[in-house]
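Residue-level listing of the chains:
Number of protein chains: 2
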Amino acid sequence: MKIQSARGTRDFYPEDMAFRQWLVERWREASRRAGFVEVDGPELESLELYTDKSGPEIAEQLYWLEDKSGRKLALRPEFTPTLARMIAARQAALPEPIRWFNVSRCFRYERAQKGRLREFFQWNIDLVGVEGEIGDAECISIAVDALKNVGLTPADVQVKVNDRRLLGALVRHLGIAEERVPQVFAILDKRAKVPPEALAVMLAEAGLESAQREGLERILAWQGLGDIEARELATSEIHAAVEALNRLFAHLEHYGIAEWCRFDIGIVRGLAYYTGPVWEVHDLKGEFRAIFGGGRYDRLLGDMGGKAMPACGFGCGDVVLGLLLEERGLRPAAEPAADCFVLREKPDWPEMLKAVRFLRGMGLRTQFDLKEGRLKRQHEKALESGARFKVILGEAPWPRARIIDSRAAADGAMKERVADLAPDDPEALKNLKVFLGVGAS
Amino acid sequence: MKIQSARGTRDFYPEDMAFRQWLVERWREASRRAGFVEVDGPELESLELYTDKSGPEIAEQLYWLEDKSGRKLALRPEFTPTLARMIAARQAALPEPIRWFNVSRCFRYERAQKGRLREFFQWNIDLVGVEGEIGDAECISIAVDALKNVGLTPADVQVKVNDRRLLGALVRHLGIAEERVPQVFAILDKRAKVPPEALAVMLAEAGLESAQREGLERILAWQGLGDIEARELATSEIHAAVEALNRLFAHLEHYGIAEWCRFDIGIVRGLAYYTGPVWEVHDLKGEFRAIFGGGRYDRLLGDMGGKAMPACGFGCGDVVLGLLLEERGLRPAAEPAADCFVLREKPDWPEMLKAVRFLRGMGLRTQFDLKEGRLKRQHEKALESGARFKVILGEAPWPRARIIDSRAAADGAMKERVADLAPDDPEALKNLKVFLGVGAS
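Chains A and B supply the protein sequences, listed in that same order. Quick note: the first sequence uses the numbering used here, first residue 647, plus one each step. Quick note: the second sequence uses the numbering used here, first residue 647, plus one each step.
Derived from the structure by calculation, the hints contain no laboratory data. Treat the hints with care, as some may be off.
Heads up, the list lumps identical chains together, so a pair's fine if it works in one copy or across two of them.
Think about it this way: if two alpha-carbon atoms lie no more than 16 Å apart in a straight line, the pair counts; the simulated EDC-like pairs of lysine to aspartate or glutamate are [to be verified]:
id, residue 1, residue 2
1, 699, 944
2, 714, 703
3, 931, 972
4, 1000, 1051
5, 760, 933
6, 718, 742
7, 1022, 1041
Predicted model only: the values in this text are computed from it and were never measured.
Let the sequences and hints guide you as you build the complete structure.
Here you go:
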């Protein structure tokens, strides 16, 4: 009986896996260049780790189960709660600032659709213990490094930066009560996904008067930070928030990534825990959901049971980024699985296995026909493998072999040579290594 | 409120994660050297994928849940059923033989104890489409390559090899009925874990007469393949099984790994699906559970709904291997997270960030003090980071910096130099790169 895979999950055949690993390695490179270290936690956590932070309704969007002892366990929907738990457990012993990154498999029980799956991978950067815009700029610079690293340019994507303190000050300045701000933020975060009329209805239902709604509309139409000062909205709170954003943009310029970034008063982020700068990476054409989302969350660690510590970071999923790279033709082709394919004229396992052992011992990825096929079939298998070198045994006595380089350029490069596979002579071994491109030193 | 991690799961702080990644990379190297490619599947699969293969009682040892549509989903306890599902889905299109490897996070709901956790990582090698002992030998050679790769020797571990066809023929030759063989195998697999008297009781309860039990005891006392021929048990079936094992051991010798491997009539493997050679890797002192388990399973793919295909492979978990490496002092120390730490005499973010950008652009993992500390504090942070190079700005005008190599040997190696961090002169850039050990070419 054939069993299907579960909805919203993926099988990673060799090509898909090669792409996934390529992407993860690009994430790791960007993280490590900035001196971040990798951490991980369990995929199975107590359900309360998520309900404590986000309320019991989050359980609706999670996969969770009750074990035989009645403990409720959830599959992690994101890494941040685990991070907070791990930091709280060793807070006194961890050197500050904490520069951690993580590549998680995460699970969300929601409708599977374009750019959204139930099982996905997420890259997280968290910088804990750093106050001020330099921390936010450091995180954004790592995100941009990763974007460059996968071949994207400022013509493909943009980092849209805002600050919740600015938006909050502006909203309050419109006379909207403090306790309504979270609700207004939640509505504004839906702006890209619903028509303007629907948004207006939601805002009216949230109790905003028409002058307040118009004020919001005017604010959301701003194109740059300069527009703010022009409109005399500069209360001291707004002024301070604008100053902070100016400092952030100055850092981004010194990181050399100004052309990747722009101010966008409409960026809010859905999660409640952000306290300062918030930002998202979007494709310029606006075809996809946000590719990255990040910001500052100075209260989360304290709220989750640890000592309060300033913190900022971001997450980036593999699904939307993968779709974008695919669409831009930036998904690299998978490498062949072998460097060498060993063939032999006559069946002779001992000689074959000695040759394989010798080549693998040199670090070469080596295949051979495990089915004892005829030489013609072996040549077909060698071709199918994509291996660069064919190593043919049996034309001369062991350990002599003929080696053909299928990728040697026509002009001058040596296409084939006869060599011993167990050379006594160090000079001959060196020549063989050069031909096979091993340990180029 | 502090929330604990779930029982039988692990947090991977930077050092633990570095070790996990190191181990996974050693597995990957051994896999790739043999020309295998990485694949993966979901961690969340239909529960029936496991109950179909192993019977409904397996659900007791799994984490599973029912989703809102009433579908039962399980967290994978192993990768093989996913592999079988993936192969069945594309059987016609996949080039043969299939050389796949996988590193899975797996979940088992069983008592957490030494060497056994509820969440663990497992390396799998599967070679599908190859009949005969050459396939089994190829798999064993990959396992041994990985053992070497983590620093173990034949003085630490041994591959214990048997063949179910041999043990089956011997058991039948004792007059034990065919339908009792699986039960006898299951009892024999427990041999290392229960006292001999308990084993005798279980065998008696399985209906074995005392002569049959004594016969089994005699067989299990054999030390080598040679003992078999000496006892005139050579029915044609036994003879064929011994011949097959001899071929397997000849291959292992030609792979150059004979000293790692020995015959052990007592190796059975718990899983029902093995059909030929079976093997385990054990530490020589017998302190730990089996480190690897593998064998041939020629019927599994057909039974799981695909076309029948010969197959062999193995699995290796991270927990027991990790304990063994720890105990043998083979767990490598984690690398520092940074190559360079940039310091500056006076606060000046623009110069700092330009320097950081330049060094990261060269591929160097670069940290700096994000807290605008005094120079003394910056030196402390640099030391804490473990970075090899201190890059000190501000003693001379930008882009000039003093660079100190904290690891330069006393004898002759250059310990420090002054250089421009944005050199116009290609020769100066080359010298800087040599000093920093970048792109040694």
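16 Å Cα threshold - placement of residue 944 relative to residue 699: For residue 699 and residue 944, the Cα distance is within 16 Å only inside one copy (14 Å; across copies 50 Å).
16 Å Cα threshold - placement of residue 742 relative to residue 718: neither (33 Å within a copy, 44 Å between copies)
Intra- versus inter-copy proximity for residue 972 and residue 931 (alpha-carbon distance at most 16 Å): within (15 Å within a copy, 52 Å between copies)
Status of residue 1051 relative to residue 1000 across identical chains (alpha carbons, at most 16 Å): Close neither inside one copy (21 Å) nor across copies (45 Å); limit 16 Å.
Copy assignment of residue 714 with residue 703, given that the CA separation must stay at most 16 Å: Cα proximity of residue 714 and residue 703: across copies only (15 Å, versus 23 Å in one copy).
Intra- versus inter-copy proximity for residue 933 and residue 760 (alpha-carbon distance at most 16 Å): within (11 Å within a copy, 51 Å between copies)
Identical-chain pair category, residue 1022 with residue 1041, by Cα at 16 Å: This pair counts as within: shortest intra-copy Cα distance 15 Å, inter-copy 70 Å.
Of the hints listed earlier, those the structure fails to meet are numbers 4, 6, in rising order.
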